[in-house]
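Chemist: Please work from the sequences and hints to get the whole structure.
For the protein sequence lines, the chains are A and B, in the order given.
Counting in my numbering, the first sequence runs from 19 upward without gaps.
Counting in my numbering, the second sequence runs from 19 upward without gaps.
Hints in this document: simulated from the structure, not taken from any laboratory.
Which copy? The list can't say, so a pair holds if one copy fits it or any two copies do.
30 Å max Cα-Cα, derived DSBU-like pairs, lysine-lysine: (1) K185 with K86; (2) K321 with K240; (3) K93 with K104; (4) K203 with K49.
Protein chains: 2
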Amino acid sequence: MDLNTEYDIAIVGGGPAGLSAAIYAARGGLKTVIFEKALIGGQIVVTADVENYPGFEENMSGFDIAEKMQKQAEKFNAEIKLEEVKAIGTEGLCKVVETSNGLYRVKSVILATGAHPRKLAVPGEEKFTGRGVSYCATCDGALYRNKIVAVVGGGDSAIEEAIFLTKFARKVYIIHRRSKLRAVKIVQERAFKNEKIEFILDSVVQAIEGGDFIEKLMLYNKKTEKISELPVHGLFIYVGIIPNSELLESRVEFDEQGFIETDNTMHTDIPGVYAAGDVTHKVLRQVVTASSDGATAAFSAEKWIEENKENFPKQA
Amino acid sequence: MDLNTEYDIAIVGGGPAGLSAAIYAARGGLKTVIFEKALIGGQIVVTADVENYPGFEENMSGFDIAEKMQKQAEKFNAEIKLEEVKAIGTEGLCKVVETSNGLYRVKSVILATGAHPRKLAVPGEEKFTGRGVSYCATCDGALYRNKIVAVVGGGDSAIEEAIFLTKFARKVYIIHRRSKLRAVKIVQERAFKNEKIEFILDSVVQAIEGGDFIEKLMLYNKKTEKISELPVHGLFIYVGIIPNSELLESRVEFDEQGFIETDNTMHTDIPGVYAAGDVTHKVLRQVVTASSDGATAAFSAEKWIEENKENFPKQA
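Modeler: Shown next, in the form of C-alpha cells:
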C-alpha cells in the first residue's frame with residue numbers, strides 16, 4: 019500500500035483529550051492530524067449540560083464545547099480526518115497508522131480513543147436497542163414526551179440523565195442494584211426532590227420484553243428475592259464504561275478493567291506512543307481531566323520528537 | 019482563639035487549581051471556602067492572552083478566565099475569602115486553618131498555592147523593582163511605550179511576554195544564558211519574525227544599574243567572556259518559578275525544587291490534605307492541567323470525607 023501524507027503526530031480520537039492534544043501539538047508547530055471514526059467530541063456530545071468544565075460559568079452542551087475545541091485546534095492548523103484507525107504499527111522509530119483510507123507514517127501517536135457504555139447483557143437488550151433501549155438520554159430523551167421510562171444505574175451519569183429525562187417523560191424510574199447511589203450528593207439531592215423520579219433500589223433488570231417496541235422490564239429484587247414487571251416505554255442504560263483500548267491490546271500495560279496505564283507524562287510502554295483521556299487508567303473521568311491529559315501527552319510527544327529528531331528518516 | 023465558621027473543605031489559593039477544586043467540591047455538596055491572600059486568578063491574571071485553554075477558541079485574558087471560574091464556583095455556593103493562610107494544623111481528623119482573620123476548623127484542605135517568579139538575585143534587582151524591574155509584562159508593559167526594554171529568559175513565558183511588550187516598547191531585547199531558546203517553536207518563530215525583538219544569547223545579567231530608575235544592564239557573554247553595557251528603561255525577569263509550598267514544608271514529600279509530591283489522587287502525605295496545580299510536582303504547568311488537578315483533588319477529598327464521616331466530631 020502507498021503511504022499517504024506524513025505527519026509529526028497522529029491523534030486517534032476526536033474527544034476532549036484528542037482535541038486538546040491537537041491544540042497543544044499544532045500550536046507547538048507540529049504537523050498534526052486527528053483521526054475520528056464517528057463524531058468529533060466523543061462521548062461528551064451526548065451530554066446536554068456540562069456545568070463543571072472550569073471556565074464556562076454558564077452551562078454548555080457537550081456538543082458546543084467539542085465544537086469550540088475543534089475550531090481552536092483547526093486555528094492552529096491541526097487537520098481532522100473522519101477515518102477509522104484499524105491498526106498501529108512501528109517502523110523503526112516511526113509509527114505506521116492504518117486507517118479506513120490507507121496508511122500514514124507518523125513520528126508519534128497519541129491514543130485518545132475514549133470509552134463506550136457497558137451493556138447490561140440481558141435478553142432483549144440488543145433486540146430493543148433503537149426500539150426503546152438507549153445509552154444516550156440527550157440523543158433520545160425527546161422521543162419520550164409524556165411517556166414512562168426507566169434508567170438503570172446509580173452513578174453520576176445515571177442520575178443526571180434521569181433528571182434530564184424528567185423534562186420529557188411523565189415518570190422516570192431509577193433502577194439500581196444497590197441500596198445506595200454512587201452519584202455525588204448534589205445530584206442525588208436533586209433527584210430525590212424531583213417528583214417525577216421514583217427509585218427502585220436493590221433491583222436488577224433480568225429481561226427486556228415487548229413486541230416491535232419495548233413494553234416492560236422484568237425486575238428482580240435482591241433483598242426480597244421477588245420478581246416483578248415494570249411497564250415502560252423506554253430504558254436508558256448507564257452502568258459504566260469500557261475503554262476503547264483494542265488498538266494497543268497486548269502491547270502496552272493495562273489495569274484490571276483494560277484501561278491503559280501511562281506514566282505521568284502520558285507515555286505508554288511503546289516509545290513515542292502516548293495515551294490520554296478516558297482510555298487511560300485514572301481517578302476522575304471528566305472533560306477537564308481528559309483535556310489535561312491531552313495537553314500533557316502532546317507536550318511529551320513534542321519533547322520526544324525533538325529529542326529524537328536526528329534519528330527519524332529524512333522524509334518522515 | 020475562637021473558631022470561625024466551619025467548612026468541609028478549605029482551599030488555599032484562588033488560581034485555576036483552587037477555583038476548579040471549588041467548582042467540583044461545592045457542586046459535590048460540600049461547604050467550601052477558598053482563601054486567597056491577593057488576587058483571584060493567581061499567576062494567570064498577568065497573562066494577556068491565553069490561547070491554549072481548551073474550549074476558548076478565541077483568545078481570552080487570564081483575568082477573564084479567572085473571573086469566569088470564580089463566578090462558576092460562586093454559582094455552586096463556594097465562598098471566597100480574601101484572607102492569608104498563616105498555618106495549617108491538624109486536630110484529630112480535622113484540620114485547623116489559621117488565617118489573617120482567625121481560625122477555621124475544616125475536614126479537608128486542598129493546597130493550591132501556586133508558585134512565584136524566580137529572582138535573578140543580582141545587584142540592583144531589589145532596588146529597582148517597581149522602578150524599572152518587573153516580573154509581569156501584562157501589569158507594567160504599558161508603562162514602556164516607545165521605550166527600550168529587556169526580557170531575561172528563554173522559556174515560553176519569557177518569549178511570549180517579549181512579543182507582548184513589542185506592543186508598547188520600541189525595542190525589546192531578549193537576554194538568554196544559552197545559545198538556544200526553550201520556548202515552543204511557534205512562539206520562537208513569532209519572536210524571530212518580530213522586527214522589534216533582538217536576541218542577546220549566551221549572556222547573563224550581572225548587575226542592574228541606574229539612579230532613581232533603572233538605566234542600564236551589565237551583561238556578561240559566556241562565550242566571548244566579554245562584559246558590556248546595555249541601556250534600558252525596563253527589565254522583565256522570566257527565569258522560572260518557585261513553588262509556594264511553605265505551608266506544608268517539613269511535613270509532606272517534596273521534589274528537588276520544593277514542589278509537593280502527590281499520588282494520582284492529588285493526595286499528600288497527610289490524611290485529608292491534597293495539593294493541586296503549580297505547587298505540585300508535574301510535567302506541564304498550564305491552566306488546563308491545574309484545573310484538572312483541582313477537580314481531581316476535590317473529588318478525592320469528597321470521597322475521603324464521605325469515607326470518614328462517622329469519625330469527625332459532630333460540630334465539624
